[in-house]
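*Asks:* Input sequences plus hints: build the corresponding full structure.
Which chain is which? The protein sequence lines are W and H, in order. Its first residue numbered 142, the first sequence is counted upward by one per residue in the numbering used here. Its first residue numbered 142, the second sequence is counted upward by one per residue in the numbering used here.
Among the hints, erroneous ones may be present.
The list makes no distinction among identical chains, and a pair is therefore deemed to hold if it is satisfied within one copy or across any two copies.
Simulated crosslink set (SDA-like; lysine to any residue; CA at most 25 angstroms straight-line) [stated by the list, open to error]:
id, residue 1, residue 2
1, Lys301, Gly481
2, Lys301, Ser201
3, Lys277, Asp354
4, Lys277, Gln244
In case anyone wonders, no lab produced these hints; they're calculated from the structure.
There are 2 protein chains.
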Amino acid sequence: MTLRAALGSLRAMPNAPSTAATTEVLTIGDELLRGELVDSNSAWLAGRLGELGLPASRFSTASDELGDIVEQLRSAAGRCSALMVSGGLGPTEDDRTAQAVAQAAGVELELHEAQLEAIKARFAAVSLPFTDNNAKQAWLPHGALVLDNDIGTAPGFSVKIGGCRVFCMPGVPRELMRMFDRHVASVLESELGGQRPELRRVKVFGLAEAQVDHMLRGLGDGIDGRGCTVTIHYRATFPEIHASVVVRGGEGGAAGEVADAYAEAMAERLAGNVFARDAATSFADALVATLREHGATVAFAESCTGGRTGDLITNAAGSSDVFLGSLVTYSNSAKEQLLGVPSEVLQRDGAVSQRCVEAMARGARERFGSDYAVAISGVAGPGGGSAEKPVGTVHFALAGPDGLMRHVHRVFRYGERDRVKQVSAYVAAWLVYRALTAPGADDVIGKRWAPRGTR
Amino acid sequence: MTLRAALGSLRAMPNAPSTAATTEVLTIGDELLRGELVDSNSAWLAGRLGELGLPASRFSTASDELGDIVEQLRSAAGRCSALMVSGGLGPTEDDRTAQAVAQAAGVELELHEAQLEAIKARFAAVSLPFTDNNAKQAWLPHGALVLDNDIGTAPGFSVKIGGCRVFCMPGVPRELMRMFDRHVASVLESELGGQRPELRRVKVFGLAEAQVDHMLRGLGDGIDGRGCTVTIHYRATFPEIHASVVVRGGEGGAAGEVADAYAEAMAERLAGNVFARDAATSFADALVATLREHGATVAFAESCTGGRTGDLITNAAGSSDVFLGSLVTYSNSAKEQLLGVPSEVLQRDGAVSQRCVEAMARGARERFGSDYAVAISGVAGPGGGSAEKPVGTVHFALAGPDGLMRHVHRVFRYGERDRVKQVSAYVAAWLVYRALTAPGADDVIGKRWAPRGTR
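*Replies:* Given below as structure tokens:
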């Protein structure tokens, strides 16, 4: 029996509103209930479910106690058509999802020989010792359909509890995401019938969600909806905002064309802040692709970001084509000796100053022999602030083929250390990106995190 | 009637197990269910509730629909003694928490004149226009106790639904945190009495969760539990594993002493991999503190990590005392010119080789003038691999006051680009950490992610 066939009961009538099928998310783990871990899986799953036209109507979190999991599985299964379960599939004693699902479904656990072999093979391949508790992961509820996990040891599985199709996935976000996208989504999509929603996405940097929402008010005015249902969604992944338009219904190819029209209007309104128009392209990908198109190379000179700007761009595969390196000079002597910042600049203006970042940018460009170089120096906090240069003060300079091109000075308020580093790495990368994609544009970079009055 | 007096019913008997009182968290908002926002309030509240000895037993998330909120309020109130509610207190139409609470409690909404004046005064103070929908925030359930919000416009409130004390707080994290800490926590603490659980934590690097679990089997053998309930918990934050012991019950100071004994046994069994024994200390903190104790400085020479090692150590506040900088040399010419790697090494052995990382480490140590330097060069993937040097191949070298100290060669399998970077940054930092804390120890660093046969 294939997974798809087994899911027949979820199939909706062609063209029936997909909302006939309801979904919920149940996350499992004492570590969640103790607040040791922020649950990002529910939001991620809900975003994906929404895109599939199966919006989540409730999230719940259960402890590792068997009775609690069973009770919550039963009540959720009684309310919805498809339940996403995350966590509790590990090899340890407190991982009880399979057992709880079996109990809630009224079936026994049974050893899946094929899974046991797969797990053993996986351990052998990486020469890790296989222990008895790892074998536990091959015991699944009777009748379960296995959801393959090729990047972890815990297989996922799917069973029915009453009329509800339950998908159990690992709590590790990357394993869960991969499992959903590779095995769960296509099934939900094809089995829940009707029309796939058309989805378009626009990713922006430098705006808050409320600003994006404001800028997209009345987006549909002047667009013929052709009988389609159009919804706009946002997702904040600091410091990015992803806006998406989901279009369903309509006749013939209407949904796709309506989605295109909305995406076009969206991109136009947000123009100065857009870096990608699809789900797969990250900010680093966009920057690397742009540099490659222009046949240009870049280097960084970092202080308060500590290496995060280099880390950011090298998250894109193939970045070695355009990224030559980064000089992380955390001490003044390194700034002087490795980047050639004049000692009188450090003495008179200090390391967090326009003159310092300008000397750093020039120094990095020369030393790496890159076309562009961006320097970052600031006070990431929590210590090191002063009345004149409070925590969050960051200077940026961009040097290019024609010499110094920009200086930006910001005070990122109410951001703790990590946020100051993160937004600073983005602003640095954005300076190069915009210099190439919109030469001459004097955007108000990073203003969203800085108060009025600073420039 | 004071808020504390009103909460009398929650008071536990002195020395009664704190689990007599149970708590839950209910978050409200369509934006959560659409996945637009990751809920961090539940984890934060749960952490605080746990510290107060009132661990949360369930989280739930409801939509903005009145009926859904009422239903979830009623069922949660039927299960627990105190319910934390977050969100839905704003001025807009889809903020329906007060109305839902009134309905669930069977009381009417009534205008709180004092709150209305307070809201008007706040608007006047910041020169914002006061509109009718803002007045909505002054309508609270009959009998509600107001929880003051001095950094936002939405007041919180507390009412009883049946036997359950419900606290409604704003969804904005900083407003919620302040309201909980200033108004809710002290009440819960003094009124619910009882004994706080004792919590001890050990953080390790270089072991998988299943390995840690295996190594801690029978941990309590030989420890007198003195009537306490002891549970062991794990949390994986790649590539770290955090193991914690939670002890409740027992007489007198038993729980604290039992927790100490367990923590000691835990640390002993995991000795070679432990870097911290409390919740607050991160890996970067541990490394920085160790370097500071030894009066030593460090620098890095990075290739495939792209700056992540520098980023990692600079996540610790105060890292500037011991971290001089990192030379991210992504191109061969940068390795040659900025780190002095001989061109014949690059030609003959290649950039991913023992000779290259050794030259890089020596070069970084000289150029930064640091006591220690670690170099990292590898194939992060997905491209760039070969039969001889597959994706995941990484070389590390540590240079110190006495010259070259270590070379490590690993092939990190089944890790995509981000994981290879992440574990490589940790291995690099670990090399310095162990050289200082266990000189001479020749640990099998990073083996957990690499197969046998590589060294």
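*Asks:* Give a verdict on every hint.
*Replies:* Going down the list of hints, with the structure as the test:
1. Taking the shortest Cα distances, Lys301 and Gly481 never come within 25 angstroms of each other, neither inside one copy (67 angstroms) nor across copies (63 angstroms).
2. Within a single copy, Lys301 and Ser201 get their C-alpha atoms as close as 19 angstroms, and across copies as close as 23 angstroms, so both meet the 25 angstroms cut-off.
3. For the homomeric pair Lys277 and Asp354, the shortest alpha-carbon distance between copies (13 angstroms) is at most 25 angstroms, but the shortest distance inside one copy (48 angstroms) is not.
4. Taking CA atoms no more than 25 angstroms apart as the test, Lys277 paired with Gln244 passes inside one copy only; the shortest distance there is 16 angstroms, against 47 angstroms between copies.
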